[in-house]
Amino acid sequence: MTTQSPEFMALLNALLDETISPEEHSRLCEHLRGNPQAIREYLSYVDLHTSFKELEERSDEELTADLSDNTFTKRETKYHWLRWAMVSAVAIALFVPLSLTWRRPAEPDSVITSSDNIPKDSSLIESLNTLTPSPVSIPSNQHDKATPDQHAVVLSQIAKAELFYERIPEVGSAIQMKHEYVLVKGLMELSFENGASAVFTSPAVFTVASPTRIEMKMGRCSVHAPETATGFEVVTPQGRVVDLGTRFSVVAREAGESDIQVVEGAVIYHPKSTDELTDKSIAKSTEDAAGTMLLEGEAVRLPEVSKKSEAIPFNRQEYQNQFPDRVVSYEAAPGPDGQGVRDLVSVTVQREGQNQTYPVEDLIGIDVIHFSAYSKWNSACSADELPARVDQVLTNSVALNAGLTNFDSAPGPYVQANEFKNFRQRHGLAVQFRQPVKNGPGPDVVLFELQSAAYPPGGDRFHVSPIEDRPGLKTHHVQQFDITMHSANALQVAPLFTHVFNQSPRSLDQLLKSKVKRSSRIHVPFHALAVGIDLSDLGYEEGASVPGVFIEDADEDDYVAIDVVFIGGLP
Amino acid sequence: MSTDQNPERQYELFLREFARDRSKLFRYIFSLLPNHADAEDVFQRCSLVLWQKFSEFEPERSFFAWACGIAFNEVRYFLRTNHHQRLKFDTELITEISEIRHVQLDQSGDILAHISDCLTRLPRRDRQLVRMAYGKNQTIKSYAESTRSAPQTIYNNLARIRRLVQACVQKKLATG
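Chain order of the listed sequences is A and B. Each residue of the first sequence is one higher than the last, beginning at 1 in our numbering. Each residue of the second sequence is one higher than the last, beginning at 1001 in our numbering.
Keep in mind that the hints were calculated from the coordinates and are not lab data. It should be emphasised that the depicted structure is a prediction, and the values quoted were computed from it without experimental measurement. From the three backbone atoms N, C-alpha and C, an ideal C-beta is built for every residue, glycine too. Mixed in with the good hints, there may be bad ones.
Unchecked claim - Label pairs and their computed distance ranges (CB to CB): (1) B/Asp1117 <-> A/Ala453: 24 to 34 Å; (2) B/Ser1023 <-> A/Gln37: 16 to 26 Å; (3) A/Arg58 <-> B/Thr1091: 30 to 40 Å; (4) A/Pro324 <-> B/Asp1117: 34 to 44 Å; (5) B/Gln1170 <-> A/Gly256: 46 to 56 Å; (6) B/Asp1117 <-> A/Val184: 39 to 49 Å; (7) A/Ala174 <-> B/Ser1023: 30 to 40 Å; (8) B/Ala1113 <-> A/Lys178: 44 to 54 Å; (9) B/Asp1117 <-> A/Glu468: 38 to 48 Å; (10) A/Ser5 <-> B/Leu1173: 33 to 43 Å; (11) B/Leu1173 <-> A/Tyr165: 43 to 53 Å.
Take the sequences, apply the hints, and build the full model.
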């Protein structure tokens, strides 16, 4: 770490760039004279300068000469050839090829004056931090856009995310700049115009201050900033991290310390000085302490009240590398009156880290083979009239406002089945796939349900079990949907009717034979939530063929029960 | 004094010594004459003088120390006789620098390997800039014109890169 003044460092650079003026040269000499520390700093820069040149020349040699990769061998070969010309009279000629062939420096465009060349009003460190993007890989129009812009930062992914006291914007839409987001649950990913992305892991409190800057008060942020995003910053109350084209995570802890882990590439971190920490506004601070480079595989902790940071063990797990496999989004066609959506068009699922969109016609259909509700009598909903065979609201329909609802379970603690094949003795919904669903990576089955603001926003919890008995099979508890009421991606469905039967059906046969006692149009807005079911969670091995699943309500509240409007297997 | 009188053998010995220390010798000269053209001129002349005087070199001594002594005199001679307008350090300052540099270079490890490794850790864009600035194919002025950048922006970026690589190298040296 340099201890020299910014002016001295600027003079060194001007000297090496051969843009130094006579006046600046005199000042540099003054700095160096009688100052061994300054001379060592100067020599360190000379080493950099000469090494850059030497490496560049070697690189050129490697590219142009069909010689061994071993540089020393190349030189030996060169000298070996020279020895045949060894006479003292031509010794000069012998040495000419040995010398380093420096390119003449570029002439400056204009006379570089002291004020042109040396940043006087800000430290060199500051100028380092203001990383001017080189136009090499960034189109100039991107520079023009690199100003605060409401559309510059987009919510690109969410997973079981919940914000405190506000709904999560629709995935793909711009997020609000300079707005403090409080992520209380799940994951959120933001994508920036410069190519950077940041994943926030709950609990987290953060603000997007600009298209190149995040301010974190608390929580974990995993940043991937490709080379187009060099200079991307994450600011915490304890310091600032400047990206150099890399992957890194920053954890701002409530206790008042920040951890930085560099997974790939390098960053520069700038701990805040004690004086700065007295100013609670992290955005206001203008003077950082000198930056330190942190390389891949390194980690550091910035404490709250000291400028001295400490190395900590590197932990790759701190970096959120990938979102969990899940239902990412779905598309649905508007209903006939334009009030909400009705028919499912496609569903996008992340499987093994890759998003795949499935048109609804490609999904594997189902047949209902069991239906039993413990106490509820309103067991179906539909867009309009019920079909003659009630279960067709689920089996022959892609409408998201039609399905089998309220199949509640008996009061008391959940008792897992001894034999899954006996699902008909239990309350719930059993479906058989029209062709077996193969257990692949990530979700294999998608399930949609209806929910309104009066019910749990994360969706109605449920158990899902096999409908067959094989060693290792088990029941899986789904606690939350992938697309929840917290997300604007949960689409409001078109108005619907619920149908109350003359009894609570205890079997499919009873459901099919039940008479509708009353049908009511529902005025409360409902939304379609979606979740992916990974058959591996039911104990199926990879590649196994699965004939069907059994769904049981898992909410303990009497008034809450799952309302299934669509189930499909992924092909 | 070198005792091997066979000219070819002498030359091989010289080449071996010179090849080992040539890079360090150039850095030594450049640190006293931090100008590409001047350092190159002196390095070439110095190389010739070293060969001419190699018969005086005592093999039990450090070749690098011996070469630095000759190079220092060559630099001083250059400062005395060369009167063009390029900015130079005075004799007093180069003596100060030489005393520190000589010891430093003699003790330094493979600084080039460290710098090379640190360079690879830079973003590609920065590596490209280094290649452009230190390569033969383009000048900073033409590069600035082709990228519609101000030359000072290029220089600022080079300063930033030097600072980063220096920090990286220091870290590597500190951790061994």
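Violated constraints from the hint list, given by number and in increasing order | Numbers 1, 5, 7, 9 and 10 - these are the hints that the structure violates, sorted from lowest upward.
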